[in-house]
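Visitor: Next come the chains, spelled out residue by residue.
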Amino acid sequence: MLRKSKVRIAAMRMNRRKFLGRLAATGGAALLGRASQAIAIDNFPGYRDRYGVLVDTTLCIGCRRCEWACNEWNKLPNKPIKSFEDKTVFDTVRRTHAGTFTVVNRHIDSNDSKPVYVKKQCMHCEEPACVSACFVKAFRKTPEGAVVYDASVCVGCRYCMIVCPFDIPAFEYDEPLTPLVTKCTFCFDRISKEGGVPACVNICPVESLRFGRRADLIKLAHERIRNNPGKYINHVYGEHEVGGTSWLYLSAIPFDKIGLRTDLGRTIIPKLGKTFLTAVSVVLVSWPVLFTGLYVFSRMSSKSSRENMPSTKMKAGKDG
Amino acid sequence: MDRSPESLSWVQEKIFLGKTFREYLKSNLTLSNSIAALILIVAIPTMAYRFVRGLGPSTNLSDINPWGIWIGIDMLCGVAFAAGGFVMGTAFYILGLKEYRIFVRPAILTGFLGYLFAVVGLIFDLGRYYRLPYPMFVSFGVTSIMFLIAWHVALYLACQFVEWCPAIFEWLNMRKARQWFYRLAVGATIFGILLSTLHQSALGAIFLLAPGKLHPLWYSELIPLFFFVSAVTAGMSMVIVESSLSHRVFRNQVAHIDHGHFDRLTISLGKAASAVLLTYFALKIIGVAHSNSWNLLFTHYGYWFMFEILGFILLPAFLFAYGVRWKNVRVVRFTALLTVLGIILNRVNVCIIAFNWNAAVRYYPSWMEVVITLGIITLEILAFRWIVNRMPILYDHPKFESSH
Ligand code: SF4
Ligand code: SF4
Ligand code: SF4
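These protein sequence lines map, in sequence, to chains L and H.
10 is the number of the first residue of the first sequence in my numbering; add one for each residue after it.
8 is the number of the first residue of the second sequence in my numbering; add one for each residue after it.
One should not assume that every hint holds.
Claimed, not checked - Pairs of lysine-lysine, DSSO-like flavour, derived with a Cα cap of 27 Å:
id, chain 1, residue 1, chain 2, residue 2
1, L, K280, H, K220
2, H, K105, H, K334
3, H, K334, L, K266
4, H, K278, H, K26
5, L, K266, L, K228
6, L, K266, L, K96
As the list claims (entries may be wrong) - Facing chain H, from chain L, some residues (calculated, C-beta under 10 Å):
id, residue
7, I117
8, S119
9, S141
10, M170
11, Y182
12, H249
13, G274
14, L293
15, W296
16, Y304
17, R308
These aren't lab readings, by the way, just hints derived from the structure by calculation.
None of these values were measured; they are calculated from a predicted model.
Heads up, the beta-carbon is just placed ideally off N, CA and C, and yes, glycines get one too.
Construct the complete structure from the given sequences, taking the supplied hints into account.
Guide: In structure tokens, the structure reads:
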């Protein structure tokens, strides 16, 4: 009996110590900010074999089957595939929402006023802003290239939505108790298996979407540009944008005409916070020294003037 | 009241301010209380509605505009105004400016309540508010600036609570505990100042990660510095505004304070605020130069930007200087109010007006968001008053030694 309880106590102590240790470690990290970790992100070349999708917008026919397939696979609210042929949805430019991981929008080519259809979903950034912004690590970049979300820790602060340069994550605002952040998963549950292909890619009838190793897709994209002179804008969108994305786009007209921001540049968003986090550690080390100095100094100089201090004594207040 | 303290029950003495329950109720039938009651009668059911139905039906938040006034005002402004705690703490404990003593306790209380109610506002805003402690205990997103803020705010709340404890125990007449916390308080203050510097700026650093969304006139690599320096001006101005209000509302608690002395202190605070505002203005200009957005000054957003920095940074800097030069305490008080408004304008600009400036759908708060914010502010003021009426905040408790 006694021994058992002793063992239990020892175990408890152990746990407690572990817990406190962990707490101290994170506390330290919290105070210091993980500048070093942020630096590691920058220099990390990425997993070599990670996947990507090449979206050739010149091929897309706007059938929106990818939307249907995505809903189907991810068990999102869905409608019969026939109803996706309805062209009136193109009258407004849509974005991703809770229950909609991907949308196809129509843009008009001003040269020949022909429609250009552009599929939109999470870009699965190489240096994802959402991953670096989440304060409970709900997002993670997998070796396969997918940026995936863990609902079991998300607090619902929506900072990920603030920082995403492509305005992708959406929030279940109508869910009072357990709202989730929702976004395209890159069909991680398919592509992490041998031979798996995203549901949207799988259904695309015209091979506007092509799944493969990102490095191969970049080569392929440049090949297409080279082999079809005059057809494409000479740029693979996503090769370098915000440090690179897993999803890549080809277009015949400037990208800002088809709803893809061209003002983002190569800026790696997580890097923007890095300088600050580094400064935090500097402040943390230098402030106490400065303060102690000032404190000692002020003590020395105030000793003499102590007596002149005005007194502020009186009785307690009486009304409420 | 000539009842001797012995004949009063503890509750009567401590809670009802030495009155019977009935007397106490009667004394609370005032105009200001009726206004507060009116606000709360609307706000409390609205708060309940937010929790029962969720953010969608109660707010105008959307996928494009995920943050509204609960972050822009309750959180960002609340924390900036609470900076009085660390500004006065620095002046008194670190720089040894002992004459600011009368400001220290009220500023610390305001600071504590400011943070506490900022967190209350956050609870309304978070989708899963019940997971608030997750960044501390469950999952650690150490690369996030928000993670830094979560920890700092939690630790800072603890610090300020410790700083406030001596007053609580003086009120409860618990000598031992009071002595104990009295000694702890100095340490807590110094640690708190350190934390403050970091997370005031971290609140600005949040927006570093949104370069494509915040208007270039407000977006700057210097934004953490802007937030920090403006928080210092906010803290100083808040101390001026709040102390002059307190001296009116709690007149009989400060009867011992020499008005001339109090005015002189107010003016010297104004002097410091003027210098900090000028620095802040210079930094803002450096920010524009740094990102080379001069050409944007003559757009609609540019005018709005100039309205902010000329009307609420440069103008108060000069007005403070004017008030100091002519020893005009009323000008100083007015300017403090102007500065406070300027901080609200700045935080709302960064978080709401200049944020998503190029988005198709703009955000404005729903009436429920406004009512809940008003409710939170009302509760904060009531809490402040409740405490000041009971604890030795504005004066020294006669039974306890006063020197720090
Ligand atoms: S597109 Fe947005 S949500 Fe997707 S990985 Fe990039 S930052 Fe994250
Ligand atoms: S909403 Fe959830 S996933 Fe997004 S940053 Fe906040 S905690 Fe992380
Ligand atoms: S990859 Fe999967 S989750 Fe993403 S859009 Fe395609 S089907 Fe939907």
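Visitor: Hint by hint, say whether it matches the structure.
Guide: Going through the hints against the structure:
no. : hint              : verdict
1   : K280(L) x K220(H) : 17 Å, holds
2   : K105(H) x K334(H) : 21 Å, holds
3   : K334(H) x K266(L) : 60 Å, violated
4   : K278(H) x K26(H)  : 43 Å, violated
5   : K266(L) x K228(L) : 24 Å, holds
6   : K266(L) x K96(L)  : 20 Å, holds
7   : I117              : 17 Å, violated
8   : S119              : 20 Å, violated
9   : S141              : 5 Å, holds
10  : M170              : 4 Å, holds
11  : Y182              : 3 Å, holds
12  : H249              : 15 Å, violated
13  : G274              : 9 Å, holds
14  : L293              : 7 Å, holds
15  : W296              : 5 Å, holds
16  : Y304              : 5 Å, holds
17  : R308              : 7 Å, holds
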